[in-house]
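*Asks:* One line per chain: the protein sequences are A and B, in this order.
Counting from 1, one number per residue, gives the positions in the first sequence under the working numbering.
Counting from 1001, one number per residue, gives the positions in the second sequence under the working numbering.
These are computed hints drawn from the structure, not numbers from a lab.
Some hints here could point you the wrong way.
To be verified - To give an idea of the chain A side of the interface with chain B (calculated C-beta under 10 Å), a few residues: (1) PRO14; (2) LYS138; (3) PHE179; (4) GLU359.
As the list claims (entries may be wrong) - Within a straight-line C-alpha distance of at most 27 Å, the following computed DSSO-like cross-link-like pairs (lysine-lysine) qualify: (5) B:LYS1333 with A:LYS130; (6) B:LYS1370 with A:LYS63; (7) A:LYS130 with B:LYS1365; (8) B:LYS1133 with A:LYS63; (9) B:LYS1365 with B:LYS1381; (10) A:LYS130 with B:LYS1381; (11) A:LYS348 with B:LYS1381; (12) A:LYS64 with B:LYS1135; (13) A:LYS409 with A:LYS446; (14) A:LYS49 with A:LYS63; (15) A:LYS64 with B:LYS1370; (16) A:LYS55 with B:LYS1133; (17) A:LYS138 with B:LYS1365.
Glycine included, each C-beta is placed from N, C-alpha and C at the ideal position.
Listed below, chain by chain, are the residues.
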Amino acid sequence: MLETLGLYPSWYVPVIGSAWVMGIIGTIHVLSSHTSVGASWLFALLETKAVRENKPELMEYIKKYGVFLLVFSYIIGSITGPGIWYAITVASPKGVGGLIHNFVWVWAAEWVYFTVEVIGVYALVYLIGKVDPKTHLKLTWVFALASWATMLLIVGILSFMMWPGNDSWYQTGSTMDAFFNLNFFAHLGLRTAFMFAIAGAVGGILASTMKNEAVRIEITRFLSKMGLAGVFLGMIMWMWYIQTLPENAKIIMQTQLPGYIAPTLFAVLGATILYFALTAWKPLYLKQSFAWAMTAVIAIAGLWPEERSRESIRKPYVAGQYVYSNQLISRDVPGKQIESNLPMVAQKGILATHPFVPEELKNYTDANRLQAGEFVAKAMCANCHSMEDTGLRPMVKKLHGSTDVAQIKAYLGGALYHGLVPYMPRIPLPEHEQQLVAEYLASLSKENTQTASTKFGSDYIVAKGEQ
Amino acid sequence: MEMDSHSIATTLQVLRDPAGIPAHPVVFQFLMVLTWVSHILFVNITLGSAGIALYGFSKRDNPFWQRLSIGMTKAAKVSVSMLIVLGVAPLLFTQVIYDPLWYVSNILSASWAIGFIFTLILGYSAWFIFYYKNKPNAGGGVVWWGYFGLAMLLLDGFIMHVLSYQSLLPEQWMDWYAPNGQVDMSGSALHAWQLSRFLFFMAMSVTVVGIFLQAYAHYYKVREDYSLEYSLFVKGVGDKVALVGIILQILTFTWWILDMPHDMLTWLNPMTWLLFAFMVGFAAMLFYGKGDTKTGYKTLMMAIIMGLLIAIFREVLRVQYMLPFDYTIMDYKVMEDIPSTILFFLTLLGVGGLVGGFFLTALYKAGRTKGMYTASLQVAKLADSAVAVMIAWIAVFFLVGIWTWLRHAL
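With the rest of the complex left out, here is chain A (with noise of 0.2 Å):
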């Protein structure tokens, strides 16, 4: 058996993490990706009409609209999907690899729709006019389905990151096991409902431009009924959605999400929905800067913390629920021959078995067991933890400021060692691992302590200085 595991060398972003920097992006690319794939059937849906019914003018729209993607969606969200796989790969390298490997086939088919969708787009929108309209209806409908095939191959992926959802997969290795997970149906269904609400925002930025009040209307109204209709579906797939997640999922969600989160998913939800009913029955009140508003306000106040809390939920695992946030797999998958990392860890610990850690701190001395604590600390936690005192699940608050070094190591040697807390790796560290990792967390209190209190003495300093 080698003696070294698989782990990468780390990148720690100070305060916000580096979970942040891939939530940002991610979220970037949600929007416009979903805006994307919503208008795609918006598109199709409106062309049909517009040739059914003879309406050449809403053919003005899609190509406002389409001109506006180009720029909204197939530069931002072109370039931020490969820009997640940037961020996972710096932030999580075991974690993409899991995926990439499990799934390379269904991402190169995925490729291929992402190609034909850029030429498509392309098509679509300067093609308006210059070929016969039949033709182009067609075009708009493979289009559409395209893009939609898209979402369909991403989200069995996002689904197996949450879990597998049973056994077959650890036993079987077969892509098609893990990718119709048990929560599979719902997440798809919440994604396409979603699309649909969110075109329908975006639409309305492009909606209360146009000149022909008629048209304006006919527009609004068709826009504000398709965002219901994605917010009313979405609702019920949430319900359906909730009941697919792993144990750890939901105690999350019970116990560590932030306070606010909930309320202000139901207050865009409820702002949503009201937004949609104006415009449905004053399709003339819907003025562009009200379309950015409400925009920005389901991206800034719903997506932004609904992708926060997806990603948390999964925690301690960022795939399958086999390799954590921390690199390490977490248990034997049998069906594609793989082995928890675990056993080597508990017998010889990190710093014995990490490729990237240097020598000097190896043989560590007591001049520097302070920085091998560090290097240890920041391998396994920092993924999730900030080591400074703000920021991203701060260490030091998470400990409570203690600086006593034999109580830290209890926890490390305990609950921690054991795998007792369920949104939390099992991180089996040899004993005098646990008395490094503990050293260094207690000085952080320490530097922490001290620091507030010089703080304090030059505030006061200064105060007496003014009087």
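Position chain B relative to chain A; hints supplied.
*Replies:* Okay, now just chain B, sitting in the frame of chain A:
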């Protein structure tokens, strides 16, 4: 503090994903090389056409240059979309068979890998603004959007070059990650680059855009609203640019070969000589074909073959770089997965062929027609086939999905 070859070999082995790969490694290598060709050609078209657009803008007193500047601004805009989407495939396949190399290199320069995304968005957006503003009566100041856009794209090209190059130097990774034993997890530095290699690809952009201009002139020859004089002008520019480009390529290629580690004996490799001979032959073809208006798309085919040879050469180099570390893709653990393999190849043939074929045919035919293009019987059939294949694909997807899901859920 360098790692020894044995430690590096072990590290590379353990960093491979334990799930293995779902088909023979050569399949992925073949796809990686092939898809990289289309990616790099669009990179070249983007950079080259952006350069021509900016040069043309500076000479816009001449109406031909003005028209060409506007056309190339649009070409660069579309080409960026294509290079991004076509870059996804080689990126994917690289991560399948060379995951340890690619991931470590990215993490060691993580801030730049992330910066790549945002600078690409900025650069592309700036170019889009230039595209909207580059009209016949545009003021001179708008060109700064273009300069900024091109500068960002060049920076991104350089970042990609560095990430690729760093991945070939595993013996230096520890030096970069923990200089003097002090671990640096910031990922804030670009650690290694090879100027000769980077400049070779820049020179290739000059050649490829020259060839692109030749094809552009040929494509629009049949359009009544494109005068013969303009076509000849574009062809003339293309002839000159392509010739300059291929000469620059030969020079930078020679520099690159001399710049390679001596123990790799790159200058003795048959692939080196094949590529060199091809480029010299191509240069001769371009030189003697100057002013020939009947060349059509022949030079375009030559450029594609050149791209393919460069892609193979690049892969040969990677294999050689990895030899001292016993890293060969041939011993990657294979865990065959037939259904998903079928999914990809059928999608590639059915959807790529029929849907992609339909979109491209519609664009090609309409682009060569003044006014509205009415689909011929064949194009109408192609359109129907594209609709049918999409419906069939989605139906099969759901049937397989529901069956698998029910098998698990019940």
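*Asks:* Determine for every hint whether it applies to the structure shown.
*Replies:* Outcome of the hint check:
no.: 1; hint: PRO14; result: 9 Å, holds
no.: 2; hint: LYS138; result: 4 Å, holds
no.: 3; hint: PHE179; result: 8 Å, holds
no.: 4; hint: GLU359; result: 7 Å, holds
no.: 5; hint: B:LYS1333 with A:LYS130; result: 52 Å, violated
no.: 6; hint: B:LYS1370 with A:LYS63; result: 20 Å, holds
no.: 7; hint: A:LYS130 with B:LYS1365; result: 10 Å, holds
no.: 8; hint: B:LYS1133 with A:LYS63; result: 19 Å, holds
no.: 9; hint: B:LYS1365 with B:LYS1381; result: 15 Å, holds
no.: 10; hint: A:LYS130 with B:LYS1381; result: 19 Å, holds
no.: 11; hint: A:LYS348 with B:LYS1381; result: 66 Å, violated
no.: 12; hint: A:LYS64 with B:LYS1135; result: 19 Å, holds
no.: 13; hint: A:LYS409 with A:LYS446; result: 16 Å, holds
no.: 14; hint: A:LYS49 with A:LYS63; result: 15 Å, holds
no.: 15; hint: A:LYS64 with B:LYS1370; result: 22 Å, holds
no.: 16; hint: A:LYS55 with B:LYS1133; result: 32 Å, violated
no.: 17; hint: A:LYS138 with B:LYS1365; result: 16 Å, holds
The structure fails hints 5, 11 and 16 (numbered hints given earlier, in ascending order).
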